[in-house]
Every structure is written in C-alpha cells, then in structure tokens.
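K.L.:
Given next are the chains, with one letter for each unit.
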Amino acid sequence: MNELFDHAAGFAALCFVLAMGCALVRLFIGPSAQDRVLAYDFMYINGMLTLLMLGIRSHSSVYFDMALLIAMFGFVSTIALAKFLLRGEVIEP
Amino acid sequence: MNGVELPTWAALPAAILLVIGGVLALLGALGLLRMKDFYLRMHPPTMVTTLGAGCVLIASMLVSSALRGRPVIHEVLISIFLVLSAPVTAMLLMRAAVARLKKRASRE
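Note that the protein sequences, when read in sequence, are chains A and B.
With the first letter of the first sequence counted as 1, position 26 gets the number 69 in our numbering; the numbers rise by one all the way through.
With the first letter of the second sequence counted as 1, position 71 gets the number 603 in our numbering; the numbers rise by one all the way through.
These are calculated hints, taken from the structure and not from any lab test.
Predicted model only: the values in this text are computed from it and were never measured.
One should not assume that every hint holds.
[Said to hold, decoys possible] The calculated BS3-like cross-link candidates involving lysine-lysine, where the alpha carbons are at most 30 Å apart (straight line), are:
hint: 1; chain 1: B; residue 1: 634; chain 2: B; residue 2: 568
hint: 2; chain 1: B; residue 1: 634; chain 2: A; residue 2: 126
hint: 3; chain 1: B; residue 1: 568; chain 2: A; residue 2: 126
hint: 4; chain 1: B; residue 1: 635; chain 2: A; residue 2: 126
[Claimed, not checked] Quick list of the computed label-pair ranges, beta carbon to beta carbon:
hint: 5; chain 1: A; residue 1: 105; chain 2: B; residue 2: 633; range: 18 to 26 Å
hint: 6; chain 1: A; residue 1: 127; chain 2: B; residue 2: 639; range: 33 to 41 Å
hint: 7; chain 1: A; residue 1: 120; chain 2: B; residue 2: 545; range: 30 to 38 Å
hint: 8; chain 1: A; residue 1: 67; chain 2: B; residue 2: 635; range: 42 to 50 Å
hint: 9; chain 1: B; residue 1: 632; chain 2: A; residue 2: 45; range: 25 to 33 Å
hint: 10; chain 1: A; residue 1: 57; chain 2: B; residue 2: 635; range: 36 to 44 Å
hint: 11; chain 1: B; residue 1: 637; chain 2: A; residue 2: 54; range: 27 to 35 Å
hint: 12; chain 1: B; residue 1: 638; chain 2: A; residue 2: 105; range: 47 to 55 Å
hint: 13; chain 1: B; residue 1: 571; chain 2: A; residue 2: 71; range: 44 to 52 Å
Glycine included, C-beta positions come from ideal geometry on N, C-alpha and C.
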C-alpha cells in the first residue's frame, strides 16, 4: 500500500511541475501585465502544493509552516502587484 | 518511506486525493495556457486554488492523523487562508484589468 502511495505522490509532483512550466510559459508570452500577474499567482499556489506534497511524503511537519508562509507572502505580493496595476502606486499617501 | 507503514484506510484515500489534486493542477495550467482572453484566463487557476489545494490539504490531514494516532487538523489554517484570499486577489486583478482597458480605450 505504501508503494502505491509513493507512486501517487510522484505523479502529483510531476503534475505540479508541468503546471508550473505552463504558468512559466504564460508568464513569458503573456500579452498584458495582468496576465503575467495571474501566471505568477498560479505559480506560487503550485509551489505551495508541491511543498505540502513533500511534507506528506517525508512525514514531516516542517513543510507545513513553509507552505503557510508561501501562501501569505504570495497573497501579499499579488495584492501589491494588482494595486500597482490599478493605481500606479502601491501605498497611497 | 522512512520505514513507517501507513495504514490502508489513510494511504488509499490520500493517494486518490493526491492524484485528483495533481490532475486538477495540470488542467488549470493548460486552461491558463490555452484560453483566448484575460477574462477567460481568470477561471482555471481558481479551480486549482480551491479544489486542488483542498484535495492536497485533506490528504495531508489524513496522513498526519494516521501517523500521530490522533486527529491533526492544523492544515485547516491554510485552507481558511486560501478561501479568504482567493476572491480578494481575483477581484483586485479583475478591477486592475478593467481599469487598464478603459485607460487604453480613452487614450486612443
């Protein structure tokens, strides 16, 4: 049963890597700036999922904290980029 | 791995949930890559943020609960945070896109 579980985790890791590759292509060819921000948002979600999957696989709880940190910082940076696109300024006086 | 044997009731659903999460992530990425318009491209990553992340988080909860021998639910933190942050991100990005399109239209 553990062998099956390891194969499933490997398959999930492969899928996340391919998804990050697709998002990277969108990041480079994206016609407008908001497309690039969207692709970046998707990439950090995938990185968080990869870290969670590594935590499941290695039976360690350290990865959970890193995933939480990535979720928080990714959210903050996406909000900052979207605010910059909206107003031309991140923190308004 | 690590010489710890997972019980079947945790390993089988966790494996299925991991596979579902991976397939959802791949589908979302293909949608992000292939859709024609920015407003269409907003949709596929949302599916990954909610459903795919939910699947992986439930799998993580199952495995850590089975290993510790007691219910471990601290992964709920990440899911609550994602549920709170995903609509805010989507709304701000959409408003930025609409404002930029309007600005470009008024310039021409």
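K.L.:
Confirm or reject each hint.
P.N.:
Okay, the hints, checked on the actual structure:
no.	hint	result
1	B/634 <-> B/568	holds (19 Å)
2	B/634 <-> A/126	holds (16 Å)
3	B/568 <-> A/126	holds (24 Å)
4	B/635 <-> A/126	holds (15 Å)
5	A/105 <-> B/633: 18 to 26 Å	violated (44 Å)
6	A/127 <-> B/639: 33 to 41 Å	violated (19 Å)
7	A/120 <-> B/545: 30 to 38 Å	holds (34 Å)
8	A/67 <-> B/635: 42 to 50 Å	violated (28 Å)
9	B/632 <-> A/45: 25 to 33 Å	violated (51 Å)
10	A/57 <-> B/635: 36 to 44 Å	holds (42 Å)
11	B/637 <-> A/54: 27 to 35 Å	violated (46 Å)
12	B/638 <-> A/105: 47 to 55 Å	holds (51 Å)
13	B/571 <-> A/71: 44 to 52 Å	violated (21 Å)
Hints 5, 6, 8, 9, 11, 13 from the list above are not met by this structure, while the remaining hints are.
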